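Visitor: Sequence:
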Amino acid sequence: VLQHLFNHQTHHRGQATTLLFQAGVDVGVTDLMALIPSEA
Numbered sequence: 163v164l165q166h167l168f169n170h171q172t173h174h175r176g177q178a179t180t181l182l183f184q185a186g187v188d189v190g191v192t193d194l195m196a197l198i199p200s201e202a
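Final position of the sequence shown in the numbering used here is 202; the numbers increase by one with none missing.
Just so you know, the hints here were simulated from the structure itself, not pulled from any lab data. Just so you know, these numbers come straight off a predicted model, no measurement behind them. Beta carbons: idealized from backbone N, C-alpha and C, even for Gly. Treat the hints loosely; a few may be bogus.
Said to hold, decoys possible - Each pair of labels, with its calculated beta carbon distance range: (1) Ala-185 with Leu-164: 28 to 34 Å; (2) Gln-184 with Leu-164: 27 to 33 Å; (3) Val-163 with Asp-188: 33 to 39 Å; (4) His-166 with Ile-198: 17 to 23 Å; (5) Leu-164 with Gly-186: 15 to 21 Å; (6) Pro-199 with Phe-168: 17 to 23 Å; (7) Val-191 with Asn-169: 15 to 21 Å.
Produce the complete structure using the sequences and hints provided.
Guide: The following block contains the structure:
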């Protein structure tokens, strides 16, 4: 179940990124590992 939830949110994050990119928005880094602080 946890793997499914992780993959599902990745899918939606990709969809949102694509729509924003098509609208001309620079979304920056969307890699989850880059967004998590190294102290976590």
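Visitor: Now look at each hint and say whether the structure bears it out.
Guide: How the hints compare with the structure:
1. Ala-185 with Leu-164: 28 to 34 Å: Holds: the Cβ-Cβ distance is about 32 Å, inside 28 to 34 Å.
2. Gln-184 with Leu-164: 27 to 33 Å: holds (31 Å)
3. Val-163 with Asp-188: 33 to 39 Å: Given a distance of about 34 Å, which is inside 33 to 39 Å, the answer is holds.
4. His-166 with Ile-198: 17 to 23 Å: About 20 Å separates the Cβ atoms of His-166 and Ile-198, which means 17 to 23 Å holds.
5. Leu-164 with Gly-186: 15 to 21 Å: Cβ of Leu-164 to Cβ of Gly-186: about 35 Å, so the range 15 to 21 Å is violated.
6. Pro-199 with Phe-168: 17 to 23 Å: Holds, since Pro-199 and Phe-168 (Cβ atoms, about 18 Å apart) stay within the stated range.
7. Val-191 with Asn-169: 15 to 21 Å: Given a distance of about 19 Å, which is inside 15 to 21 Å, the answer is holds.
Checked against the numbered hints given earlier, the structure breaks only hint 5 and satisfies all the rest.
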